[in-house]
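Asker: The primary structure of each chain is shown beneath.
2 protein chains.
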Amino acid sequence: MSNLNPPRRLLFGPGPSQVAPRVYEAMTKSIVGHLDPFFFEVYEDVRTGLRAVFGTQNSFVQVISGTGSAGMEASVANFVGPGQKLAVFVGGFFAGRIAEMGERHGATVVRFDMPLGEAATETQATEFLNRERPDVVAFVHAETSTGVLQDPLAITRPAHAIGALTISDCVTSIGALPINVNAAGIDVAFGCTQKGLSCPPGLSPITLSDAAVEHLRARTKPSSVWYMDLKLLLEYYEGAHRYHHTAPITSFYALREGLALVCEEGVQNRFDRHVRMHQEFVRRIEAAGFRMFVTDPARRITTINAIHVPDGVDPVKSRKALVDKYGIDIGGGYASLANKIFRVGLMGPLATMENVDMLVDAMVECIQ
Amino acid sequence: MSNLNPPRRLLFGPGPSQVAPRVYEAMTKSIVGHLDPFFFEVYEDVRTGLRAVFGTQNSFVQVISGTGSAGMEASVANFVGPGQKLAVFVGGFFAGRIAEMGERHGATVVRFDMPLGEAATETQATEFLNRERPDVVAFVHAETSTGVLQDPLAITRPAHAIGALTISDCVTSIGALPINVNAAGIDVAFGCTQKGLSCPPGLSPITLSDAAVEHLRARTKPSSVWYMDLKLLLEYYEGAHRYHHTAPITSFYALREGLALVCEEGVQNRFDRHVRMHQEFVRRIEAAGFRMFVTDPARRITTINAIHVPDGVDPVKSRKALVDKYGIDIGGGYASLANKIFRVGLMGPLATMENVDMLVDAMVECIQ
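Top line first, the protein sequences correspond to chains F and H.
Each residue of the first sequence is one higher than the one before, starting from 1 at the first, in our numbering.
Each residue of the second sequence is one higher than the one before, starting from 1 at the first, in our numbering.
The shape of chain F in the complex, shown without the other chains (with noise of 0.2 Å):
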C-alpha cells in the first residue's frame, strides 16, 4: 500500500469539524491498559471536562465507545423498550432516526412533526404531551440536518408535569452552545466528539439526572444491548473497575485534550466566540445575497448555519468547486433537503474572524 496521504480539508461542514493540533499530538502518546490506573485518571479528567461543557453537577457522566449514533442508542435502550411510550419531536433527520431507535427497542412511538426548519413551542408541546402521556419525551437540542435550535424548556417543562423523563440530543451542542442540562430540565443527553469539541469522532459522551440514574437502577430486566448497558458501564468506571469492554485508549488521550483546549478557553468564552462568529457568517452571508434556512434569528444554531440553494445554483457543482479550489468542505442537505440547502460549520479551531472572511469570499466565488 502507498503512504497514506490525506488531502488536506478545511473541514466547514456539519462535522466531524477540524481538530486541534494539541489533540493529533495527544493520539501519538503510548497507549496503557484499559485497567491500567493511568487511563482512569484520564477519564476522571475527561469527565471533569464533561461537567463543563454539559453546564451540570450530575454524578452521571460517562463516555460510550462508539460515536454520537451509539450515544443516542444507549440513550434510548436503557429507558425506552417494549411497555412504554416515548413521544420524540421530529424537526429533521436526526430527531427521526431517535424515533426509529425506539421502535427496534420495541417501545410505541407517537411523534410530533413540525415544519423542517422550525422548533416546538411550549404550547404545543403541552398539548401534544398531556394528549399522548408519553414516559419518555426525546427531542434534539441542536438539529444538524436544518440548524434549528429547540429550547429545551418548552419541551421538558410539559414533559415534567406529566411524569415523563427527558432525552436531549446533544451531539451538535456540545462544546459549542450552552447546554446546562439539569437547568433545561434533561434527564439524558448525549453528544460527540468530533463537533464542539474539536476532535475525531468515536466516542459519545453521556450524562444522566439523578432520576434518571434512579430509573436506571430499578431496571429489572437488562438493558437490550449488552454492548451499551450503562449499569455495566458503571462498573467498569466507577468503584471495582470491573472489566467491560476494552476501552478505546486513544480516543480518550484526544477527548482529555479537546476538552482541556475548552476549559482553558473558558466555556463561557468559547460559547461567545462561536456566537460572535455565527453573527459575523450570517452579516456577511447575507449582504453577498445568500438566505438563512431558519428564519427566526433565535431558533439559529451557532455552530451549523443552514443557508438555502440559491435559485439557478447546481449544489454539487459548487460544493465540489469549494473543496478543489480551496480544500474547503461544506455540507449539503439530507433527505427531503437534499440539494435545497448548505450547511456550514464554524466551530473549534475555524472559528475565527479570519476563517469567516475567507470562507464567505471562497463561497462567493465558487456557488453559482
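Just so you know, the hints here were simulated from the structure itself, not pulled from any lab data.
Do not take every clue at face value.
Stated by the list, open to error - Okay, derived cross-link-like pairs now, DSS-like style, lysine-lysine, Cα gap no bigger than 25 Å in a straight line:
(1) H:325 - F:29
(2) H:221 - F:85
(3) H:340 - H:317
(4) F:231 - F:85
(5) F:29 - H:231
(6) H:320 - H:340
(7) H:221 - H:231
(8) F:340 - F:317
(9) F:221 - F:231
(10) F:325 - H:317
(11) H:340 - F:221
(12) H:325 - H:340
(13) F:340 - F:320
(14) H:29 - F:320
(15) F:340 - F:325
(16) F:221 - H:85
(17) F:85 - F:221
(18) H:29 - F:29
(19) H:85 - H:221
(20) H:325 - H:85
As the list claims (entries may be wrong) - FRET-style restraints, in silico, Cβ to Cβ:
(21) F:180 - H:235: 33 to 39 Å
(22) H:48 - F:113: 41 to 47 Å
(23) H:336 - F:8: 38 to 44 Å
(24) F:242 - H:263: 34 to 40 Å
(25) F:131 - H:214: 41 to 47 Å
(26) F:118 - H:3: 43 to 49 Å
(27) F:2 - H:297: 36 to 42 Å
(28) H:122 - F:210: 53 to 59 Å
(29) F:325 - H:263: 47 to 53 Å
Nothing here was measured: the structure is a model prediction, and the numbers come from that model.
The beta-carbon is built from N, C-alpha and C at its ideal position, and this holds for glycine as well.
Once you've looked at the hints, dock chain H against the given chain F.
Answerer: Positioned in the frame of chain F, the structure of chain H alone reads:
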C-alpha cells in the same frame, strides 16, 4: 489540566498490545469528512488488508465502529433473535458473553460448557448439536481468558450438517493466527484492532460468508440494534454511501497502517513469527519452573500464554513489581481464574526474540 503524560508500558498482557510507531504516526494525519471520497479509499484499503488476515475472499468484509465487543454484539444482533435457538460452546469468559448477548436479543440459548483450559472435540460438538438442533452456533476461536485455541472445524462441520449458521469470535486470533474463515466453515467472524493488528482499540472488523449475507438479506424485521445494523452499514460503505453514522476517521487511518504493516511483513511470515516466539517463550518459561495452563500444546493460542500462578506467589504483588520495575504489563485471570493464572501476550512489535529474553528474565525476577 496538566499535560497528558502517559507512563511507558510494555504491553505484554492479553491486549491492548503494543502499537506500532507507524500507526501512531497515522493518527496525526488530517481527518477528512465521513463522506469524503478519500475516506472511502482508506476504507477499501482496510477491506483489502482484512481479507488477507481473515484469509478470505468474502465479498462482505466490513468494520463496526466500536470495540471487539461491539463486533460480537453485531454478530449476535443481526443473526439471532426471538424464536431462534443459539448454541454456544463455552470454555471461558468471552464465550459466556456471547451467550449473555444471545439472551438479551431474545434467543433461546443453550450452552455446551467445557472445563476451563480445554476445547470442544468434533465428537462432543456433533452429539450436542444433533441433540439441540440450534439455528445458530457460536464459539470463540482463541479464548482470551484461558489461552485455548478451538479447532473451528470440530464445531462448524457438525453445525453445517444440521443447517446452522456459525459465528466465531476471532478477537484474539485476527492478525496473528491463521483464521481462513471459509476453509474453517465460519459464516460470521469478528475481530478487534488492539491485539494481533497492533492498533489502538476502537474498531471491530467483521466478515460474512455468502450464506450469512443471504440470511441478512432475507431478514424482514430490522436488526434489534440500529447502530450495529449490518444492512445499513452496507448502504453506507458500499454503493451509494448512504449516511449511517460518522465513522471514526482517525481509527480507520490507524487500522489501515496496522494492516499495511502486516501485509508488508507477509501474513504467513507474521503468523510464523508469532508461533516461533510463543514456542521460545514456552520453552524458557517452563525451564524456569512455570507451568502452562493449557496442557495440550496444540490447543494453545500462540499470542496469549496462560501460566499457572506458582504456589505461594502473590499474583497481584508480582504484576505490580513487573510494572514498577520494568513497565511490563502482564494480565491476570478473570472470574474463577482470578489469582490463579497470569496471561502473557506476545504480539506484534513485542513478539521478538530480544523481548522474550527480557520478559522471561523480568518474570523470573518479579514473580515471587
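Asker: Hint by hint, say whether it matches the structure.
Answerer: Structure-based check of each hint:
no.: 1; hint: H:325 - F:29; verdict: 21 Å, holds
no.: 2; hint: H:221 - F:85; verdict: 20 Å, holds
no.: 3; hint: H:340 - H:317; verdict: 13 Å, holds
no.: 4; hint: F:231 - F:85; verdict: 22 Å, holds
no.: 5; hint: F:29 - H:231; verdict: 36 Å, violated
no.: 6; hint: H:320 - H:340; verdict: 16 Å, holds
no.: 7; hint: H:221 - H:231; verdict: 11 Å, holds
no.: 8; hint: F:340 - F:317; verdict: 13 Å, holds
no.: 9; hint: F:221 - F:231; verdict: 11 Å, holds
no.: 10; hint: F:325 - H:317; verdict: 61 Å, violated
no.: 11; hint: H:340 - F:221; verdict: 33 Å, violated
no.: 12; hint: H:325 - H:340; verdict: 22 Å, holds
no.: 13; hint: F:340 - F:320; verdict: 16 Å, holds
no.: 14; hint: H:29 - F:320; verdict: 22 Å, holds
no.: 15; hint: F:340 - F:325; verdict: 22 Å, holds
no.: 16; hint: F:221 - H:85; verdict: 20 Å, holds
no.: 17; hint: F:85 - F:221; verdict: 17 Å, holds
no.: 18; hint: H:29 - F:29; verdict: 14 Å, holds
no.: 19; hint: H:85 - H:221; verdict: 17 Å, holds
no.: 20; hint: H:325 - H:85; verdict: 50 Å, violated
no.: 21; hint: F:180 - H:235: 33 to 39 Å; verdict: 37 Å, holds
no.: 22; hint: H:48 - F:113: 41 to 47 Å; verdict: 44 Å, holds
no.: 23; hint: H:336 - F:8: 38 to 44 Å; verdict: 53 Å, violated
no.: 24; hint: F:242 - H:263: 34 to 40 Å; verdict: 37 Å, holds
no.: 25; hint: F:131 - H:214: 41 to 47 Å; verdict: 45 Å, holds
no.: 26; hint: F:118 - H:3: 43 to 49 Å; verdict: 46 Å, holds
no.: 27; hint: F:2 - H:297: 36 to 42 Å; verdict: 41 Å, holds
no.: 28; hint: H:122 - F:210: 53 to 59 Å; verdict: 54 Å, holds
no.: 29; hint: F:325 - H:263: 47 to 53 Å; verdict: 36 Å, violated
The structure fails hints 5, 10, 11, 20, 23 and 29 (numbered hints given earlier, in ascending order).
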